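Novice: Since the structure of chain A is already known, use the hints to place chain B on it.
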Amino acid sequence: MLLRHTSKEITERSALTINPAKTCQPIGAMYAALGIHGCLPHSHGSQGCCAYHRSALTRHYKEPVMAATSSFTEGASVFGGQANLVQAIDNIFTIYEPEVIAVHTTCLSETIGDDIPQITRKAEADGKIPKGKYVIHVNTPSYVGTHVTGFANMTKAMVDYFSESTGQKIDQINIVPGYVEPSDMEEVKRLAEMMGVRVVMFPDTSKVLNRPQTGKYEMFPAGGVTVEALKTTGDSLATIGLGTLASGPAARALDTKCGVPCEILDLPIGFKATDRFVDTLRKTLGITVPESLNEERGQLLDIVTDMHQYFYGKKVALAGDPDHLIALTEFLVSIDMWPIHIVTGASGKKFESRIRQIMKDSPYPINIKAPGDLFLLHQWIKNEPVDLLMGNTYMKYIARDEDIPLVRMGFPILDRIGHSYFPTVGYRGGMRLLEKILDAMLDRQDRDSPEESFELVM
Amino acid sequence: MKALNKNLPLETEQIDPQKVKQELLKKYPTKVARKRAKQIIVNKVSDGQEMPEIGANTRTIPGIITQRGCTYAGCKGVIMGPTRDIVNITHGPIGCGFYSWLTRRNQTRADGPEDDNFMTYCFSTDMQEENIVFGGEKKLRAAIQEAYDIFKPKAISIFSTCPVGLIGDDVHSVAREMKEKLGINIFGFSCEGYKGVSQSAGHHIANNGIFKNVVGLNDNVKEGKYKINLLGEYNIGGDGFEIDRILNDCEITVVSTFSGNSTYDQFANAHTADLNTIMCHRSINYVAEMLETKFGIPWIKINFIGAQATAKSLRKIANYFENEELKQRVEEVIAREITEVIKVRDEVRARCEGKVAMLFVGGSRAHHYQELFKEIGMKTISAGYEFAHRDDYEGREVLPSIKIDADSRNIEELEIHPDPERFRPRKTDEQLKKLQDEGFRFKDYDGMMREMSDRSLVIDDISQYESEQLIEIYKPAIFCAGIKEKYAIQKKGIPMKQLHSYDSGGPYAGFRGAINFYQEIDRMVNSQVWKHIKAPWQESPELAAKYACD
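Those sequence lines, one after another, are chains A and B. First residue of the first sequence: 1, per my numbering; consecutive thereafter. First residue of the second sequence: 1, per my numbering; consecutive thereafter.
Be a bit skeptical, because a hint or two may be false.
Simulated pairs of lysine-lysine, BS3-like, Cα-Cα distance not exceeding 25 Å [as the list claims (entries may be wrong)]:
#, chain 1, residue 1, chain 2, residue 2
1, B, Lys-374, B, Lys-312
2, A, Lys-133, B, Lys-475
3, A, Lys-62, B, Lys-531
4, B, Lys-531, A, Lys-207
5, A, Lys-216, B, Lys-534
6, B, Lys-534, A, Lys-131
7, A, Lys-8, B, Lys-154
8, B, Lys-152, A, Lys-8
9, B, Lys-492, A, Lys-62
10, A, Lys-216, B, Lys-355
11, A, Lys-231, A, Lys-8
12, B, Lys-152, B, Lys-355
13, B, Lys-152, A, Lys-382
14, B, Lys-475, A, Lys-122
15, B, Lys-152, B, Lys-138
16, B, Lys-475, A, Lys-62
17, A, Lys-207, B, Lys-534
Across the chosen pairs, the derived CB separations fall in these ranges [to be verified]:
#, chain 1, residue 1, chain 2, residue 2, range
18, B, Arg-109, A, Asp-443, 27 to 37 Å
19, B, Asp-446, A, Glu-9, 51 to 61 Å
20, A, Glu-9, B, Val-221, 37 to 47 Å
21, A, Asp-443, B, Lys-154, 34 to 44 Å
22, A, Lys-8, B, Phe-440, 51 to 61 Å
23, B, Asp-170, A, Gly-418, 44 to 54 Å
24, B, Glu-53, A, Gly-38, 33 to 43 Å
25, B, Arg-176, A, Lys-257, 46 to 56 Å
Quick caveat, the hints were computed from the structure, so don't treat them as lab data. Bear in mind the structure is a predicted one, so any value in this text is a computation, not a measurement. No residue lacks a Cβ here, since even glycine has one placed at the ideal position from N, Cα and C.
With the rest of the complex left out, here is chain A (with noise of 0.2 Å):
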């Protein structure tokens, strides 16, 4: 057994984690300064932080990611990064030149209080600052929330730094995608366009985290949201945030900053968020659905309707972001699927309240924590075996030691490909999904079954 000392036996822990279903502040910030069109991440503190993010980012994308560090020494974690951080922005600058810098802090730089904008002011002040181009940062203690945590403060960063109101409007609406894919990014935009919206995503990792083969290098390609377009969201006429913890800051920034209105709504995984979606912008903007989007989301019904009798009544356990998780939950539960267990390595008693209220009506008791891991995840399997496992690489162990299928979903994704191209969601991405399910599901009953009742026709 891969797992072999996790056992039936639930003990309270209070202090040790085991096999976390979370990881800290400053990749999240990463993942999203990655978002930015010609920026280079800057991690400011030891290196390997950098070089742990960026290997895991590269693993689940299979991209280069590409970031610096401010290389902290035991000196300078004594006397302070700044010499570090201005050598570091004049060398990117010098030697890469990005039209935007990110920093975000680590543990290391939190801890013995590193002041970044006093230190980008003597970075500017010593010339290290070209004309035109921009240093960014946000604070991201490794040791406060997740690394949904870091991208929502990246992403808000974005709004203090850049977000500008002219007092004149422009007939455009800013959309905060949450921590997903590029591919989902590119879907919610291609949503937003079938309806005739023009859109300010912030952040768009899309073409920047899922580029083609084509012999050439680019360190900044075509993607990410331009400065130019960051300066305009303070004159759009509202903001979509999508996914409460994610983006729920940059959009009520926005707001506080510029008086743009926000709408902060799930993340649109499964028809229900969806429709949600589709409706906020009809209705903010006054503007019908097209039929093809009908057409979409019909199809994905026809799926639901079609293939009830392999969804109905299923039972799933559930690992991810919370974001994800609730919009998840509430899809399975429209198709008669029951996610019985739950956790997630964010802390949040809102998320479970809210999670218990999706599952009202669930004829099965739930185990949700939060936070809780995967070591404990595993054990309520045991105690009570699920149908189908969804979440990262990470379960893929449970799901062989406990011979239950599994559907990767969320960050991150290191052993398959296909989360950088094809969304999850929007009504393409929930029929992805449940293709994905299905697949696994049908799959397993194929290799089950008795040889009398294998089935041709499914």
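Specialist: Just chain B, lined up with the frame of chain A:
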């Protein structure tokens, strides 16, 4: 620089490495260029020329985009990661433990289904803000207790992350206290990420910790006529399994491996071996030194990467034991294995001969893997280490001249004396002298540069910028580095082989490993897939205008 015109299909030989060096430095700010100039060396080793000195194990330049990781990564990830039956608790915020969880591909095989294997688990104290403000010792103590209660391991180790050192948590005193309380071995590592200039510092801290806290605790002598330790072998992709297979066939007993597929008891027993063999000189040569001083076990450098190197290493071990039967056995094993190796090698060589490779990885791998490339006729024209020291480049003879700087002084040097009871020289002075007179070399490592040709570029701690420039200039057939470099290189249309994790491949050590590597490189440098990148209309954009209308 005309010679480097990208449009000219120049032969590598025509490229002037000095000019390349200048090209690499041109864009850097003056101070950076001055520092990098010491770390970029045009090799010069033939005919008694004086080998140039390389700058290595110095601070990374902030912002340059380095390959390097941190001390914690070296300690927890590299050295202690491959040991299966110690519960490794990361004391810190969640990230460090998360990123070092199962990501290095060091394989392990527990003896039976009931035996401990914690490698699939990640243990962390997941420090929160209140632990940073008020101290994390209490949480650490509780975490150790919980780990003990749930898993009952034979040992627990604790790894300090950056904030732990800053807030002054004393992991060592917590370890001592809990060791006393629980009656199992518990020890801590002060491997905060900022401790050194690279992961190399972490290797040192880990090895010192194992030497201090575990080695020598078990005096049971394993059965076997020829007992060795294998130091600096991490069983990436199953390398260690292949080496074990070969050694086993030679009837050579491996008492302990540091640290691929290892167990706590192997470490505890290491002092009972009669020879230490070193694979990765960088990460562990000092452990061999300590084992010799304390227990009288001599050490030699060996290398199981490359079929010839493997054969040479086996012969060297056999010569050390001075036993004709063993020498005979080793020759039989080599003869048995080499036939298939040569068959595949020659087949692959016909397709790879003359192609050019670049290797920027590790503290030994950039050197060792040149052997395998050489065997299939490929030339390494540029190479460098990520975290090695000068002796790994220039050979151990430069050791006395290496200046100890402030960063190196941070790493504890253990003061080792002969063990009053257990020090036992494995060879008499006469035996040693006889062996040496016959040409046998102990503590021998001549470094990477001596085995590379003149004019090759040796680059320490290569930057992203330099990698890209090198590729543009030399257009190598293959580039070897790590995961962070992989896809930027491949986007340029150059196959990139990871030599930390081997991508999904391996083993590449020993005889079967050599075959795997030849075939892998053949696949990579000769595959058609790289030729499909351009669409037909990109290859020939002119229009025939057959169906075009006005």
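Novice: Please go over all the hints and tell whether each is borne out by the structure.
Specialist: Now for the hints, and whether the structure bears them out:
no. : hint                               : result
1   : Lys-374/B to Lys-312/B             : holds (15 Å)
2   : Lys-133/A to Lys-475/B             : violated (33 Å)
3   : Lys-62/A to Lys-531/B              : holds (20 Å)
4   : Lys-531/B to Lys-207/A             : holds (23 Å)
5   : Lys-216/A to Lys-534/B             : holds (11 Å)
6   : Lys-534/B to Lys-131/A             : violated (38 Å)
7   : Lys-8/A to Lys-154/B               : holds (22 Å)
8   : Lys-152/B to Lys-8/A               : holds (16 Å)
9   : Lys-492/B to Lys-62/A              : holds (14 Å)
10  : Lys-216/A to Lys-355/B             : holds (21 Å)
11  : Lys-231/A to Lys-8/A               : violated (54 Å)
12  : Lys-152/B to Lys-355/B             : violated (54 Å)
13  : Lys-152/B to Lys-382/A             : holds (20 Å)
14  : Lys-475/B to Lys-122/A             : violated (41 Å)
15  : Lys-152/B to Lys-138/B             : holds (20 Å)
16  : Lys-475/B to Lys-62/A              : holds (22 Å)
17  : Lys-207/A to Lys-534/B             : holds (19 Å)
18  : Arg-109/B to Asp-443/A: 27 to 37 Å : holds (29 Å)
19  : Asp-446/B to Glu-9/A: 51 to 61 Å   : holds (56 Å)
20  : Glu-9/A to Val-221/B: 37 to 47 Å   : holds (39 Å)
21  : Asp-443/A to Lys-154/B: 34 to 44 Å : holds (41 Å)
22  : Lys-8/A to Phe-440/B: 51 to 61 Å   : holds (58 Å)
23  : Asp-170/B to Gly-418/A: 44 to 54 Å : holds (47 Å)
24  : Glu-53/B to Gly-38/A: 33 to 43 Å   : holds (39 Å)
25  : Arg-176/B to Lys-257/A: 46 to 56 Å : holds (53 Å)
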